[in-house]
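Below are the chains, spelled out letter by letter.
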Amino acid sequence: MPAGSRIEEPSARVVLEARNVVKTYGHVTALDGVDFELRAGEILAVVGDNGAGKSTLIKTLTGAVRPTSGEILLDGVPVHFKGPLDARHAGIETVYQDLAVAPALDIAANLFLGRELRAPGLLGSLFRRLDKKGMREEARRAMGELKFRLPAIDNPVESLSGGQRQGVAVARAALFARRLVIMDEPTAALGVRETGQVLQLIRSIRDRGLPVVLISHNMPNVFDLADRIHIMRLGRRAAVVTPKTHSMNDVVAIMTGAATA
Amino acid sequence: MNTATVYPAEAPRSLKARILGSPSAGPLLVLFGFCVIFALTNPRFLATHNLSIILQQTVVIGALAIGQTLVILTAGIDLAVGAICVLGTIVAGKLANLGYDPVLSMGIAVLICTAAGFAAGGLVSGLRLPPFIVTLGILGILTAALRLISEGGAFPVRDPFLAWTGNTMKLGGFVLTYGVLIMFILYASVWYLLNQTKWGRHVYAIGNNVEAARLVGIPVRRHLLSVYVLAGLIYGIAAWLALGRIPNADPNAMQSANLDSITAVVIGGTSLFGGRGGLVGTLIGALIVGVLRNGLTLAGIDPLWQDLITGILVIIAVALDQLSRRRR
Ligand SMILES: Nc1ncnc2c1ncn2[C@@H]1O[C@H](COP(=O)(O)OP(=O)(O)OP(=O)(O)O)[C@@H](O)[C@H]1O
Ligand SMILES: [Mg+2]
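Chains as they are written, first to last, in the numbering used here: chain A, 1 to 261; chain B, 1001 to 1328.
Hint data in this document are derived by calculation from the structure and do not stem from the laboratory.
Derived Cβ-Cβ restraints for the label pairs, each shown as a range: (1) B/Arg1326 - A/Asp98: 14 to 22 Å; (2) A/Leu117 - B/Ile1316: 33 to 41 Å; (3) A/Leu123 - B/Phe1273: 31 to 39 Å; (4) A/Leu126 - B/Gly1173: 35 to 43 Å; (5) A/Leu85 - B/Asn1195: 21 to 29 Å; (6) B/Phe1118 - A/Gly51: 42 to 50 Å.
As the structure is a computational prediction, the values presented were derived from the model and not from experiment.
For every residue, glycine included, the Cβ atom is placed at its ideal position computed from N, Cα and C.
Please build the complete structure, drawing on both the sequences and the hints.
Structural data, given as structure tokens:
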């Protein structure tokens, strides 16, 4: 499957945008006036050297960090997230490198963690009973739709492989994201085969119409998956390229400052 | 690169796997084993009269172990269970003996126990102090304070309402105290909370992986506080059950309540590392302790041996927990 077959028209709607965002920690300037643009239906990779500001950029987009100055716009409207919950309520889901799952709880419970469904009727409203069956069914449906292979939905997450566990975290984001999904090195802790599973899952999310921001150090993965590549250098956006117009060497050269786009 | 071959879900888990995988399977087997041994060695053990006594002897520790389970599920531990419960008996007894309405006296006692839980929970969640130290401190403070209040001595509590939980009723030829009934109701209610509501699920999530709980937006601190408050409320109700067992308020009572409640929880298969286990196991664990003490007493064995065997059981249970943790 060729990457980036869907969004070649440059006029695709901008979903999430950052303008001239600065973030300083004391004397350290983590972000030095960075611009950012995520378009509808794309997988946008964010690459850069260690300390280039990738994670900080993503944290300002998800409300985990408040920018010192600059503007963030969601669907063209300025937003000011006070915390990750605000971003979540706005339809932005984030997947972290370390597995944010509760290992002893089952797959369905993890998918709905913090957003449990309550049973219909009096049982739910008065007795606050969980709709376990409904959540299982919904979880099955979602995993089927994402075509992600998992053991039965009522298995504890600790019985899964690392890739499957991260798959649960990614699926959770996909299940609840209404606008976009952000992933900060989601495969950093995984082996080759498991990484493949998660990458496939990321493609499924894009194919369902949700744009994805993917931070990764793995160039082959980036080139395999991304529609566009946002290159960070010294707290700024050095360039945005596509896998079609640039090679891995070009990207590395821009990352390190040996070349410009 | 198209590495991942993807299919929808595989076959569901079999019934056998569920039963064997259930954390209560082991404890149930142990309980059953002890019952068989005692029944074979002493025909009096299985007499309905004796079974009813076992239940009555289990009531207070059984109730306290519910609160202990909640706290341990959040990866904490409560060393103030006994002290808070004694606080309840002394407050209720003092007020009633002073001539206050007994229902009001008990109500105030339960409220004060709940407040003690609130204090513990506040220190644990607000100041992020380790539960071990917080509850140890509360144990020390309460023990001293209670001896000061009651001038060191125990006093009888004669009010019929305060001792009501010791009254008996017949249930199909089986004699039960109201206290036993209340204990079972407590188990059923808190079981429902833990297993059928969002509140309970979040207790497990916090004990399992606090960081994940926080990331998915669970208000971890507020939730921890609510756990300790509920535990305090349960200890207050346990105080009422204790007055029904022995109508006496004694600042020196329940010295072994910490160890016994922790024993029940741990033998019942709840992990000291948090996030695993539950109340079915704790009930079985409390019954194991009760059966063991009763059976050994019937066999005329020195109470010191009972403590010794209980101690060995706890260590085995914790060792099994640790081993299964390493395998994960
Ligand atoms: N909380 C913080 N306090 C102080 N400095 C910080 C903080 N977070 C990030 N920085 C600094 O900001 C800069 C950018 O860090 P950031 O984590 O965004 O880089 P990154 O591109 O994600 O790097 P990596 O590839 O190692 O993950 C670094 O110099 C880092 O030391
Ligand atoms: Mg980073």
